[in-house]
Amino acid sequence: MTPTKRMDMDEMLQKIKDRQWALADIDWTAPGAETISDEFRPKLKAFMADLCWIENVGARGFAAMAKKAPTPTIAEIYRYFHAEEQRHANAELALMKRWGMLEDGEVPEPSVNIRMAIEWLDTYADDMPLSVLGTVIPMLEVALDGALLKFLLEEVHDPVCHQVFEKINNDESRHIAVDFEVLDLIGHAKARKLAIDFVANVATPGLIIGALMYVPLLNRMRNNLVGMGLQPEKLYRAMERFEKLGNRGEFTHRVPLFQVLRVHAAMVVDPKHPYHLVANTMVKVSEYYPRALFRPIPTWFKELTHEPTTKGVKKGMNAA
Amino acid sequence: MHTALVIGAGFTGLGTAIKLRESGIEDLVILERADRVGGTWRDATYPGAACDIPSQLYSFSFAKNPGWSRTYSPSAEIHAHIEELAERFDLVKDIRFNTEVTRLAFDKKEAHWVVSAGRRKFYARTVVVASGPLSDASLPGIRGIEDYQGAKILSARWDHDYDFAGKNVAVIGTGASAVQIIPELVKTAGSVKVFQRTAGWVMPRVDFETPAVAKAVFARVPAAQQAARTALFLAHEAAATGLVWDTPVTSLIQQAGKLHLRLTVKDKWLRRQLTPDFRAGCKRMLMSSDYYPALQQDNCKLITWPIATITPGGIQTSDGLQHEVDAIVFATGYDVHLEGPPYPVTGLDGQSLQDEWSGHPQAYKSASAHGYPNLFFTCGPNSGPGHNSLLVYVQGQIEYAVAGIRTIVEQDLRWLDVKKEVQDAYNVSMQKRLRSTTWMSGCASWYLTADGFNASMYPGFATQYLRQMQDFRIRDYEVSSAAAQRLWNASSTEPGRDLTAV
Ligand SMILES: Cc1cc2nc3c(=O)[nH]c(=O)nc-3n(C[C@H](O)[C@H](O)[C@H](O)COP(=O)(O)OP(=O)(O)OC[C@H]3O[C@@H](n4cnc5c(N)ncnc54)[C@H](O)[C@@H]3O)c2cc1C
Ligand SMILES: [Fe+2]
Ligand SMILES: [Fe+2]
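Chains as they are written, first to last, in my numbering: chain S, 1 to 320; chain L, 1001 to 1502.
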């Protein structure tokens, strides 16, 4: 195999800086909102709400990654990605607002599975080593973040939505390029170090709870898609991309957690696999999770807003 | 023709003049580009400006001020003290104000420096560069800055005519100036949004009013004031074990910083945003007890999203939002001249100091550079403290320059030029000692050049630094003696040929 050419991270950072966009670049009142039927609206609202919170979860993941980054340039890239996921969430909120899904001041309620993910991130993410975060984040990005958007475009014919998702997808293509480059860098590490990181973290409550949270979250999104009349195959194709992109790297296959996620993805994409029985039970069970057990929503969760412009400081609001 | 010429009338320039006079060198001139003395403390007039090293230590031991009003005196009081020094030591008559040095060139034939200030020229046997380590500041090159329609205010050149009352204000930067400005702005502005790139280590700053008794005692018993100063000096020296070298003490200091954060910031996420990700000491320590409380005021907000661009109406961050503001305060620091003074300096053979120092500035004991005879730097390469008062170090530099100038005068030398091998050996040892310091622990800071070379900080205790500066050794220098030259000229058919190393 010819050695893979390493990505020039300084160039990538420059590209990211040059490609920044803002909510204000989009005309949120342009015609097209009427293409969403009354019948479709509630389903789309549930989907968008989850999508928007998944962006926020991804954002928090990048915040944790920034502290672990192998070089200052990659740390700075993650700092941007953290903000960009937030931007996606803000833009998706703005779409919801445009489609009449949000009352004044309303912010969609995060589902139980999202609440669990948030708690997990807030408790464990900063302590996870790069080799764990650097494998989980790419999975989240290909399976949930990047791919979900693509289905939407097939179902939604609002041109503003297309305009927004074109921008988001451009960001995502850079995220995924960097994600898999770093995953490959991780694979380049000494086998011993990889094994230690893996063994030391697989058995920890952090990772076990992480898995318990990820499995139902994924199936919940799958069920959401089916509810909207979409074929879950789309999600499966996306998950297969994780393996495909990973196999392009020279060293990625050496990362133990990559192998775990790969096998897991294979189970997910097989609709007859008994895995789905377990996973769907977990979704149902999680519905019964007593809300009172959740800790208060962390403040970073309250930073989302659909307002493109802010003036002054409003504390404790969903506005900057 | 002057015996000595000093560039700059800040603390350092005036201190040099005082010490030169004291050693019998009366024929000196000080060139100052502004119309008043004071340097940093004349220019830093932003709200909250004060020193962050206790005033007892942030002053010269040979020109104390028994009357400091507080532990950390405000800018105006420090400026008044410097003006008082100029009066007390009768220096004003020797200062040429509104005289900005634009070039320094050594005239080998005449063995003197030609100092240009625009079209005016000054001639001097020796020159002391005291134009300041942090005396120039400019707006940062942030994307879109030229399009901004609101008020642009540079912390280093505060615009006192701008009324902040009720205004929506952005502050870019969270360094030493910002942590002093923000608590003041929050009191008057309508809103303050603070844009942070990297969080610094913030230590509480316990600022007392000096009790009247202490002032009275200091005024009458100078020894008591010296004792207070010595105690502070030793306390700061102890901190070097953690702030200069990366050691377990560094971790202890970080624990103290985190405790400060935990005790004063309620919200977990805000604490995370404010937790530095570099070793304490690697960048300048921030001293403030009111910065964290200010950030939590209802009209203040910390924003850690990257700035995507400045827009005509405000600041656009990477989370896709526009922040509309009436004014932007750029607390973005100073143009640090790591690669030599910002005006051209040419040496013995017409070579350029800026070229030689490009990337890797080098000097001997931070004061002399080979090929630039009779020239003494203050705040030169590898002279910065990370844990102590800059003026303690400057005092050592002044002593060294005075010893050199006296040698030139007393031994009637044409010039004194540090030997290349002496300078090289010194720098090899500097760079070796720097390796285990906090500054080289992996953070990007203004202490380092673009390629990560540390030519700014001194890797050691102030005590070590002072000891080396008190030890001026003529054997480290090549000398050209005036008497020998005269003899040579008289006997030789080749007049003007120079004799070095006589
Ligand atoms: C806001 C601020 C706070 C600080 N607080 C501390 C502190 O608490 N503790 C500490 O140890 N250090 C502190 N410092 C560092 C501070 O710079 C030094 O402590 C000290 O003031 C330096 O004095 P100086 O005379 O060397 O330089 P300056 O005070 O900068 O004086 C240099 C003088 O040279 C003049 N000059 C510059 N260029 C030319 C030219 N080409 N021709 C003629 N004249 C010229 C300038 O106008 C100025 O008057 C602080 C610095 C700043 C900016
Ligand atoms: Fe995203
Ligand atoms: Fe992403």
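Keep in mind that the hints were calculated from the coordinates and are not lab data.
As the structure is a prediction and not an experimental result, all values here were calculated from the model.
A couple of the hints might just be wrong.
What the hints assert, rightly or not - Short, incomplete list of chain L residues facing chain S, as computed with Cβ under 8 Å:
id, residue
1, F1164
2, K1187
3, T1188
4, G1190
5, Q1196
6, K1301
7, S1318
8, H1323
9, S1441
10, A1444
Built from N, CA and C at the ideal position, the CB exists for glycine as well.
| Which numbered hints fail | 1, 2, 3, 5 and 9
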